[in-house]
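Chemist: If you want the building blocks of each chain, they are given just below.
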Amino acid sequence: MAATSSYMASNSFSMLGWRSSNKQLIKRSVYSVSAQQAEVEEEEVKKAETEKVEENKKLKQEAPTMSPPRPVEPQLNVQSKNMGREYGGQWLSSTTRHVRIYAAYIDPETCEFDQTQMDKLTLLLDPTDEFVWTDETCTKVYSYFQELVDHYEGAPLTEYTLRLIGSDIEHYIRKLLYEGEIQYNMDARVLNFSMGKPRVGFSYDGQLQDVK
Amino acid sequence: MQGRLSAWLVKHGIIHRSLGFDYQGIETLQIKPEDWHSIAVILYVYGYNYLRCQCAYDVAPGGLLASVYHLTRIEYGVDQPEEVCIKVFASRRNPRIPSVFWVWKSVDFQERESYDMLGISYDNHPRLKRILMPESWIGWPLRKDYIAPNFYEIQDAH
Numbered sequence: 001m002a003a004t005s006s007y008m009a010s011n012s013f014s015m016l017g018w019r020s021s022n023k024q025l026i027k028r029s030v031y032s033v034s035a036q037q038a039e040v041e042e043e044e045v046k047k048a049e050t051e052k053v054e055e056n057k058k059l060k061q062e063a064p065t066m067s068p069p070r071p072v073e074p075q076l077n078v079q080s081k082n083m084g085r086e087y088g089g090q091w092l093s094s095t096t097r098h099v100r101i102y103a104a105y106i107d108p109e110t111c112e113f114d115q116t117q118m119d120k121l122t123l124l125l126d127p128t129d130e131f132v133w134t135d136e137t138c139t140k141v142y143s144y145f146q147e148l149v150d151h152y153e154g155a156p157l158t159e160y161t162l163r164l165i166g167s168d169i170e171h172y173i174r175k176l177l178y179e180g181e182i183q184y185n186m187d188a189r190v191l192n193f194s195m196g197k198p199r200v201g202f203s204y205d206g207q208l209q210d211v212k
Numbered sequence: 001m002q003g004r005l006s007a008w009l010v011k012h013g014i015i016h017r018s019l020g021f022d023y024q025g026i027e028t029l030q031i032k033p034e035d036w037h038s039i040a041v042i043l044y045v046y047g048y049n050y051l052r053c054q055c056a057y058d059v060a061p062g063g064l065l066a067s068v069y070h071l072t073r074i075e076y077g078v079d080q081p082e083e084v085c086i087k088v089f090a091s092r093r094n095p096r097i098p099s100v101f102w103v104w105k106s107v108d109f110q111e112r113e114s115y116d117m118l119g120i121s122y123d124n125h126p127r128l129k130r131i132l133m134p135e136s137w138i139g140w141p142l143r144k145d146y147i148a149p150n151f152y153e154i155q156d157a158h
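Residue numbers (full-length UniProt numbering), protein chains in the order written: chain R, 1 to 212; chain A, 1 to 158.
Simulated from the structure, these hints should not be mistaken for lab results.
Note that the coordinates shown come from a computational prediction; the quantities given were computed from them, not determined experimentally.
Possibly wrong hints are sitting among the right ones.
Said to hold, decoys possible - Ranges of calculated distance between the beta carbons of each label pair, as one might list FRET restraints:
no., chain 1, residue 1, chain 2, residue 2, range
1, A, S106, R, P156, 33 to 41 Å
2, R, P156, A, N94, 20 to 28 Å
3, A, I26, R, A188, 54 to 62 Å
4, R, P156, A, Y57, 27 to 35 Å
The C-beta atom is built at its ideal place from N, Cα and C for all residues, glycine as well.
Could you build all of it, start to finish, from the sequences and the hints given here?
Modeler: And the structure:
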């Protein structure tokens with residue numbers, strides 16, 4: 001996992017080092033959840049959601065029905081902390097192909113991975129760039145993420161809970177795909193159509209796709 | 001129908017219940033959880049020095065949980081060793097069974113797996129924690145009332 005080791009010279013964010021043309025988009029929200037530790041009751045949860053879209057544009061579009069992502073002020077001089085072997089060499093995360101959630105603050109510019117800030121969840125959306133994302137669809141995913149984190153407020157901060165959130169986001173991404181709001185990126189590095197083969201005239205009716 | 005071991009146990013006044021014989025003719029006994037540790041020591045002293053298998057299962061939906069022990073008596077010059085199968089049933093609400101780790105050390109990982117899959121907590125086990133599932137997992141996957149969470153990678157990744 002090259003979350004922080006890919007410290008690129010350019011200021012463009014790259015989760016995985018092969019793309020240098022990734023542009024980042026930072027959108028963060030502040031809200032409070034209670035984490036697992038008893039001494040930490042109410043915490044600020046910030047999401048630094050990093051996404052590759054066009055040039056660094058802040059999202060302004062908001063879908064009418066869903067709550068807009070709440071803004072979060074960026075942090076300065078983030079340092080990588082608690083990443084070493086003496087801290088276990090691992091981090092609290094839920095990683096699937098399109099959704100990577102870390103209980104840490106990841107600086108979108110420098111990829112510094114501050115694991116001391118476990119009160120924040122960071123979502124990396126589709127780091128392998130399998131789909132074509134627009135600002136609008138990104139906003140949908142982010143606000144859905146925000147809703148989910150609000151929903152799981154008070155739950156213990158464990159891998160299991162993060163996995164529940166990440167799986168729901170994956171299902172939501174697949175729903176977006178079936179509704180035709182996002183498309184497969186035909187220029188992706190790995191083109192295996194991991195959410196089902198493309199179809200013509202396929203309408204999503206809430207049912208899952210048949211598995212052969 | 002009573003086997004040799006059951007007769008021996010009756011002679012020494014040890015409470016048990018005979019469950020008959022399995023398809024290989026191995027005697028099967030049911031023992032209460034509260035008696036199991038002392039009876040395990042007795043069986044070890046009797047000569048069952050080899051715990052061949054330990055497993056657990058969920059008997060019925062809403063029913064009891066069972067922990068099964070296959071014991072063998074290994075001696076020199078024996079080609080048909082004595083075997084016995086012990087079943088210990090525990091309630092689903094509070095499944096507590098004494099661990100026989102201190103009698104047969106080989107039950108260590110087996111009891112951890114039984115704990116992981118069915119949630120039977122073995123008393124006096126030295127390190128009873130999940131062995132197959134992640135430690136933050138919720139629920140006991142092999143119970144009949146377990147509902148698998150709708151995780152993405154498990155069911156949908158291809």
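Chemist: All hints are to be evaluated individually against the structure, with a verdict given for each.
Modeler: Now the hints, each set against the structure:
1. S106(A) x P156(R): 33 to 41 Å: holds (34 Å)
2. P156(R) x N94(A): 20 to 28 Å: For N94(A) against P156(R), whose Cβ atoms are near 23 Å apart, the range 20 to 28 Å holds.
3. I26(A) x A188(R): 54 to 62 Å: Since the Cβ atoms of I26(A) and A188(R) sit about 58 Å apart, the hinted range of 54 to 62 Å holds.
4. P156(R) x Y57(A): 27 to 35 Å: For P156(R) and Y57(A) the Cβ distance comes to about 29 Å; the hint holds.
The structure agrees with every numbered hint stated previously.
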